[in-house]
Amino acid sequence: MPPLAIPLFAARQLTLLEAELAAETAESSALTTTLSPAALQRAGAALINLCVAATRTGFGGKTVLDLEPDSATGGEMAEHGLRVGDIVRVQEMVGGSAKKREKAEVEKRGVQGVVSRVWAGKIAVAVDGEGEELGMGGRLWIVKLANDVTYKRMNDTMKKLTTLAETNSTTELMNVLFGHTTPRIPSASTLESLNITWQSPHFNDSQKHAIRFALASPDLALIHGPPGTGKTHTLIELILQLLALNQRVLVCGPSNISVDNIVERLAPHKIPLVRLGHPARLLPAVLAHSLDVLTQTSSAAALVRDVRADIDSRLAQLKTTRGKAARSAVYGEVKELRKEYRERERGVVGGVVGAARVVLATLHGAGGRQLRGQKFDVVVIDEAGQALEAQCWVALVGARKVVLAGDHLQLPPTVKAADKSSKEKKEKNDGGEKKSSSAEEKAEEKEMSKLTLETTLFDRMLKLHGSEIKTMLTTQYRMHEKIMAFPSEELYDSKLVAADSVKDRLLKDLPYGVEGTDDTREPLVFCDTQGGDFPETNEEEEVGKKAGPGLKFGESKSNSGEAAIVKKHVKDLVNAGVKPEDIAVVTPYNAQLAQLARMLKEAYPGLELGSVDGFQGREKEAVIVSLVRSGGEVGFLAEKRRLNVSMTRPKRHLCVVGDSATLTKGSKFLKRWMAHLEEHSDLRYPNPAELEYEDS
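Positions in the sequence shown are counted from 1; adding 46 to them yields this note's numbering.
In case anyone wonders, no lab produced these hints; they're calculated from the structure.
Watch out, some of these pointers could steer you wrong.
Said to hold, decoys possible - Calculated cross-link-like contacts (lysine-lysine; reagent style BS3-like; alpha-carbon spacing at most 30 Å):
hint: 1; residue 1: K206; residue 2: K492
hint: 2; residue 1: K549; residue 2: K614
hint: 3; residue 1: K154; residue 2: K385
hint: 4; residue 1: K528; residue 2: K254
hint: 5; residue 1: K614; residue 2: K647
hint: 6; residue 1: K496; residue 2: K206
hint: 7; residue 1: K714; residue 2: K509
hint: 8; residue 1: K462; residue 2: K492
hint: 9; residue 1: K509; residue 2: K462
hint: 10; residue 1: K492; residue 2: K198
hint: 11; residue 1: K554; residue 2: K614
hint: 12; residue 1: K528; residue 2: K717
hint: 13; residue 1: K462; residue 2: K714
hint: 14; residue 1: K381; residue 2: K370
hint: 15; residue 1: K528; residue 2: K206
hint: 16; residue 1: K421; residue 2: K254
hint: 17; residue 1: K686; residue 2: K516
hint: 18; residue 1: K541; residue 2: K554
hint: 19; residue 1: K198; residue 2: K462
hint: 20; residue 1: K528; residue 2: K686
hint: 21; residue 1: K625; residue 2: K528
hint: 22; residue 1: K516; residue 2: K421
hint: 23; residue 1: K462; residue 2: K205
hint: 24; residue 1: K686; residue 2: K462
hint: 25; residue 1: K714; residue 2: K541
hint: 26; residue 1: K205; residue 2: K496
hint: 27; residue 1: K686; residue 2: K717
hint: 28; residue 1: K509; residue 2: K717
Given only the sequences and the hints, what does the whole structure look like? Please build it.
Below you can see the structure in the form of structure tokens.
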């Protein structure tokens with residue numbers, strides 16, 4: 047892969063990001079513009095007939111509205127899909143007879159915010175505007191919106207990259223990451239010469255090598271962590287070793303959960319760390335290390351608390367203040383106090399962040415004002431195989447060294463927009479646009495056209511610089527060796543080795559006493575439906591539970607026969623003594639997931655059901671996979687990274703339910719997996735007459 051021109055790369059990313067935001071916004075808009083507030087509530091995307099129960103000042107001087115159902119409409123909170131961290135719009139309700147102009151005025155007065163808490167009968171929203179007068183004249187409603195903040199930061203970052211390139215202000219690391227210079231690879235003797243005092247004694251040779259490699263690499267290192275190989279454990283030790291070398295570290299990930307997992311593991315080591323991010327989005331276990339809590343408990347926080355108390359006192363006056371002039375005077379005081387609050391808080395925040403040796407944030411969170419002017423020796427990006435490259439650059443502009451950790455052989459970032467740029471470019475050329483005149487320009491255009499949002503920085507670095515920049519963790523601590531065998535051989539160059547503690551453990555060996563049966567003695571089971579009696583069906587996916595007639599978002603597949611097989615297998619495992627909470631059922635298709643939930647959720651409350659995509663990074667003692675496709679095409683099952691996730695979640699038992707006759711006609715990878723299962727699994731041919739179907 048040749049070096050990339052930074053302005054062309056940035057322009058390509060901007061085009062792709064624009065299309066992705068448009069797709070996400072269109073999906074959200076299809077709901078909000080097509081459906082009434084009441085229909086949106088039925089779809090789980092809104093709450094109507096709310097009133098303000100309390101108003102207070104939150105972090106950053108934001109107004110927090112505690113909302114509850116209006117007692118005049120029954121006082122019951124409807125079932126909804128709003129979650130902590132969701133972006134929502136809060137606005138007044140208008141009657142059905144309101145004119146278009148009236149509705150537009152009301153919408154203009156609404157404010158955007160983040161759901162900060164959801165509890166019995168109430169929901170709290172931290173609003174971006176001041177919001178004190180919302181609800182004074184009547185009821186409110188809130189609706190979930192597409193989140194464009196991340197896109198704004200990525201777009202700003204791409205523009206910044208262009209400016210740096212055009213002014214010859216690129217950093218050494220930028221030149222390495224775009225292929226203009228070659229990364230410096232540490233020699234074997236350099237790695238051996240590192241004098242390391244290990245913080246934990248429990249490291250295998252591949253983990254120790256990865257840590258040495260990342261420490262010794264001057265600019266770029268990739269840590270490839272296949273499923274169950276202890277990647278996070280390795281990263282924690284790496285961070286501790288960097289601190290021992292008196293280096294300051296920024297740790298990022300594409301999701302809050304990926305970052306919070308590292309915070310939880312680092313916290314016991316009693317190091318100066320701070321977790322950036324909206325408190326509403328953080329796990330309860332890490333809140334004590336959040337910027338919000340640390341700024342409130344620091345020695346300089348008392349002055350900030352005093353101003354906050356003054357603001358809350360003035361807001362309380364509004365309940366008894368009458369007259370426009372008097373209310374305006376109170377709002378004027380609040381406005382001045384908010385200004386003072388933000389100035390004082392900024393000073394406290396700067397002190398807390400500046401004192402931290404490790405700062406942790408999501409990738410887009412690294413672009414917040416709290417990190418402006420902050421310098422780090424190393425940026426560590428976890429789950430880099432799931433992060434958009436533009437997201438990574440939010441944390442990397444100005445960085446000196448980066449360590450990317452992840453597994454590029456599992457699922458990439460979720461992308462909604464199809465890449466139309468190549469087609470559009472062809473149409474322009476067919477229409478008479480001048481084509482590139484030089485071979486170099488043509489080669490560059492060709493490389494740019496290959497880049498999609500699914501092309502991660504981890505992927506691109508491997509193609510650009512080769513495997514010398516990567517070190518792989520090879521001992522896995524999750525799967526029985528028979529479960530591990532196929533993914534190791536097909537995807538990981540047969541390098542994975544099952545640790546002695548896991549290589550032959552079975553369900554019958556669970557510590558709470560499980561009966562030895564045909565199921566609990568087998569690590570790998572294949573229920574081969576062979577089509578015919580187990581056909582797939584198509585189901586149109588609705589948005590929400592009752593999205594309204596005509597609002598359909600594509601098709602999904604289901605297979606009632608496979609669902610019945612799964613039900614029987616779950617029942618057999620539970621009857622043998624396996625706890626439902628140690629079992630997961632996963633499938634690639636939402637329609638199948640819905641059918642399985644109807645059949646299993648009530649009978650086995652602890653059982654986990656999920657999509658393959660949603661189960662990445664998870665594990666269970668037993669996993670049952672329903673592949674669904676039978677009699678038709680294999681669809682996106684041909685994606686081997688999706689299949690890799692399916693087959694690497696279980697510890698002791700994997701049961702695959704699928705139609706080998708159909709799947710063998712799919713990709714070469716699928717064909718080899720079917721052959722492997724037929725040879726190495728406990729192969730079964732289910733009898734439809736012995737099954738309980740959903741309507742029975």
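Query raised in the report: Holds or violated: are the alpha carbons of K625 and K528 at most 30 Å from each other?
Result: Given that 30 Å is the threshold and the Cα spacing comes to 22 Å, the pair holds.
Query raised in the report: Do the alpha carbons of K686 and K717 lie within 30 Å of each other, as the hint requires?
Result: Holds. K686 to K717 sits at ~11 Å (cutoff 30 Å).
Report task. Measure nothing beyond the straight line between the CA atoms of K528 and K254; if it is 30 Å or shorter, mark the hint as holding. Result -> With a Cα-Cα distance of about 26 Å, the restraint between K528 and K254 holds, given a limit of 30 Å.
Requested in this report: Measure nothing beyond the straight line between the CA atoms of K462 and K714; if it is 30 Å or shorter, mark the hint as holding.
Outcome: holds, 26 Å
Query raised in the report: Does the alpha-carbon distance linking K492 and K198 stay inside the 30 Å limit?
Result: holds, 27 Å
Query raised in the report: Has the given pair, K496 with K206, been kept, meaning a C-alpha gap of at most 30 Å?
Result: holds, 23 Å
Query raised in the report: Given the hinted pair K549 and K614, is their alpha-carbon gap at most 30 Å?
Result: Holds, because 27 Å separates the two Cα atoms, which is no more than 30 Å.
Requested in this report: For the pair we were handed, K528 and K717, check the Cα-Cα distance against 30 Å.
Outcome: Distance ~18 Å between K528 and K717 Cα, so the pair holds.
Query raised in the report: Is the Cα-Cα distance between K528 and K206 30 Å or less?
Result: At roughly 49 Å apart (the allowed maximum being 30 Å), K206 and K528 break the hint.
Query raised in the report: Are the Cα positions of K205 and K496 separated by 30 Å at most?
Result: holds, 21 Å
Query raised in the report: Quick one, are K206 and K492 close enough, alpha carbons at most 30 Å?
Result: Roughly 24 Å between the alpha carbons, so the hint for K206 and K492 holds.
Query raised in the report: When you check the alpha-carbon spacing of K154 and K385, does it fall within 30 Å?
Result: holds, 24 Å
Consistency note: the structure conflicts with earlier hint 15 alone.
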